Structures are given as C-alpha cells and as structure tokens.
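Student: One letter stands for each residue in the lines below.
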Amino acid sequence: MKPAFIKVPERVKRGEVFPVKVLIRHPMETGHRRDRVGAPIPRDIIHSFRADYDGDVVFRMELFPGIAANPYLEFRTVATRTGTLTCRWEDDAGGRHSQSVTITVE
Amino acid sequence: MTSPAVRIAAVAALGALLWQLPGAARDEPGAVDAADLIPEDKRSGYHFQAEQTRTMQDDPMGNPGLLWVSQGEFLWHEAPANRRACAGCHGDAAASMRGVAARYPAIDGVSGRLMNLEARINDCRARRQALPPLPYESDDLLALTAYVARQSHGMPVGVAVDGPARPWFERGRELYATRQGQLNLACRHCHQQHAGRKLRGDTLSQGHGTGYPAYRLEWQTLGSLHRRLRACSAGVRAVMPGLGSDDYLALELFLGWRAAGLPVETPAVRR
Chain G
1 MKPAFIKVPE RVKRGEVFPV KVLIRHPMET GHRRDRVGAP IPRDIIHSFR ADYDGDVVFR
61 MELFPGIAAN PYLEFRTVAT RTGTLTCRWE DDAGGRHSQS VTITVE
Chain S
1 MTSPAVRIAA VAALGALLWQ LPGAARDEPG AVDAADLIPE DKRSGYHFQA EQTRTMQDDP
61 MGNPGLLWVS QGEFLWHEAP ANRRACAGCH GDAAASMRGV AARYPAIDGV SGRLMNLEAR
121 INDCRARRQA LPPLPYESDD LLALTAYVAR QSHGMPVGVA VDGPARPWFE RGRELYATRQ
181 GQLNLACRHC HQQHAGRKLR GDTLSQGHGT GYPAYRLEWQ TLGSLHRRLR ACSAGVRAVM
241 PGLGSDDYLA LELFLGWRAA GLPVETPAVR R
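Residue numbers (my numbering), protein chains in the order written: chain G, 1 to 106; chain S, 1 to 271.
I should point out that these hints are in silico values taken from the structure, not numbers from a laboratory.
Computed from a predicted structure; not experimentally measured.
One thing to keep in mind: the hints can contain errors.
What the hints assert, rightly or not - In the SDA-like style, the derived pairs of lysine to any residue whose C-alpha atoms are separated by at most 20 Å in a straight line are:
| no. | chain 1 | residue 1 | chain 2 | residue 2 |
| --- | --- | --- | --- | --- |
| 1 | G | K2 | S | D59 |
| 2 | G | K7 | S | D59 |
| 3 | G | K21 | S | Q52 |
| 4 | G | K2 | G | H97 |
| 5 | G | K2 | S | A79 |
| 6 | G | K7 | S | P60 |
I would like the entire structure built from these sequences, with the hints used as guidance.
Tutor: Listed below in structure tokens is the structure:
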C-alpha cells in the first residue's frame, strides 16, 4: 500500500517549471493531547521531508506540530531530464518512507 | 418609545418561542408524519460547507479520505493467509460493488437482520473468511467501507424500507422525531426545522449521511456515520448509543430513506 499520493504532470518540457503535489497519510499527533485515562499521547509527526530529482535535492521542508494530519504539500521545480523524483520523509516514531514518480521530459 | 414595528417583532419572536415549547401536542413522535421529516429543498451536507471544504472534497489530490479508499483497495485484493481475498469472490469492485452503498443499510437474507456496510463487511469476514470482525472505527474497516462506498460515487441513494425492514424504519423515524438529552432536542429540530441557520459558528445541515465514511477536519481522520451520530447525541447531552448499535442502525436506515435521490459522496469532506 502506498503511503502517499504524488502527482506530477504527465509530460513536461525541458526547462519548464512544474508543480509536484504530495498528500501523505499521517496522523501528525501533536504531543499535546491526552488519551482517555489522562496519559499524554507521545508526539508523532513527520518532522522532515525532502525530494530528490536528477541528483539534486530540489525541495526540503521541516514540519511542526501545528501542521494538520495527512499533510498536503506542493512545490515547484525545473524539468531537466527524464528520471525519477523521490520523496522521502521521516517521523518521530522512527518511520522512514520514500515514494517515487517518473518525470517524463520532452 | 417602542415603535409599533419593534413591538410586532417582539410578539412574533415570543410566538415563535412558545411554538417550540416542549410537550406541545405536535411534538409527540407518534404524531409526526415521516413525510414531514423530509426537507422540501433537499441538499447534501456539501452545500452547507465552506467553499474551501467543498474544493477539498472535489480535488482528488486534496481529499484525504481518498487515502483510505486507496488503503481499502489494497485490502480488497490482499488475501489473508490460507484464505481468499475479498476480490477472490467479488472480483472487480468497480463492477460487483457498484450501487451497493446506495441501497445500504439493507436486510440480510440469511440472518434477517438489518446490516449497514460495516456490518456486512464483518459478516462476510466471519462467514466466508473465518476471520474475526474488524473493530468498528478501525482504519481497516473504515478503509474497506469507504472503498466499497466509493464504487457508488454519484449514484442516488435509495434504501428499501418495506417488508422486514419496516420495523427498523419505524424505530429510526421515532428516534429521529423524539426529543432527547438534557437539551431536550430531537434530530428534526436542528436538521429539519432549522437547517441552513447558524448554530454558533457552524451552519446546520439537513443531516443527510450520504458522504460517510467522511473526512471531518475536526477529527483529522476518516470516520463512520455512527461516529458522527454520537457527536450529535453528545451535542444534545443525550445517552450515546454504541457504534454499530441497533438504535443507530435504525436511524441510519431512516436517514437513507430521508436522503433518497441524493448522490453518494463518500468520502466527503466535512468541517
């Protein structure tokens, strides 16, 4: 099962600035809440996210507890060559995820 | 110094207040005709949401409920050890599950009991896969329910309320029309008489459950119709029936009848 939706245009032209949309399934537990018996629920948020494309880190982001569950991220980058764009993110529970999409450059 | 207009308005307001006093004959649930509980201008909860929330629901990349639909699709095809997957019997859900959510809850032919989608999925697990039931409100059950319901996306709701379903329907109608809780309100007071008006910062919807399981921003997750109903029960400070309880099943059937013709929106996005 894929933990995220990643959407890019089907084809892009070389040099074109194109959007990358990412929707990640994650509870983004703030660490400020308590459960039914009053015990604190430990913080579990995605704290860092980055995207690699054509040998470069094209986007990097730190995330904080104020960000809603199942975060939606959108950024833009420049099309250079056909290849893989890989999104990687880590959360407080130690989860490391990555998911890739193919960028087709004409 | 009071102008006649103000005095007339004051009398009208008082009249409106008296009209709503508890105990009046018209409040006897048995006296409420089911047809009077259907809004004239039927609108789904979608129309009572802020524009941003509606946009979120309509955007395939913005609706987080679709993440659960995607999980449900995975579970549909995943065969448990030594057992068939859902797809092993039902095949392609797009064909076999099309229209199913629109006619649920429905009477189960074998047990004769009323079942909603959640109950049907767990019944199938027990009977066909010999697996323990998924807990109500678990991510797996929500995901499978949302995936099945998604196959009826846009199709008009139409549940059967005759034959063995009739007693359930009557029970649901009575629940809908009966005052309850410390605030002494029935479902119909907010969602029939005052739909479209403000309740603090929120707009009262007509109370159609056609988008459930739905992603509620308040919950920050997908949730079942019964979870939403519990929120309403808590809101009027009434006893909250359990998730999957007979009371809520009966109410779900009545709501399905009341929403007849509205499209299935699962997974909807709500405030």
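Student: Are the hints correct? Go through all of them and say.
Tutor: Okay, the hints, checked on the actual structure:
no.	hint	result
1	K2/G / D59/S	holds, 19 Å
2	K7/G / D59/S	holds, 12 Å
3	K21/G / Q52/S	holds, 17 Å
4	K2/G / H97/G	holds, 10 Å
5	K2/G / A79/S	holds, 17 Å
6	K7/G / P60/S	holds, 10 Å
Violated hints: none; the structure is consistent with every hint.
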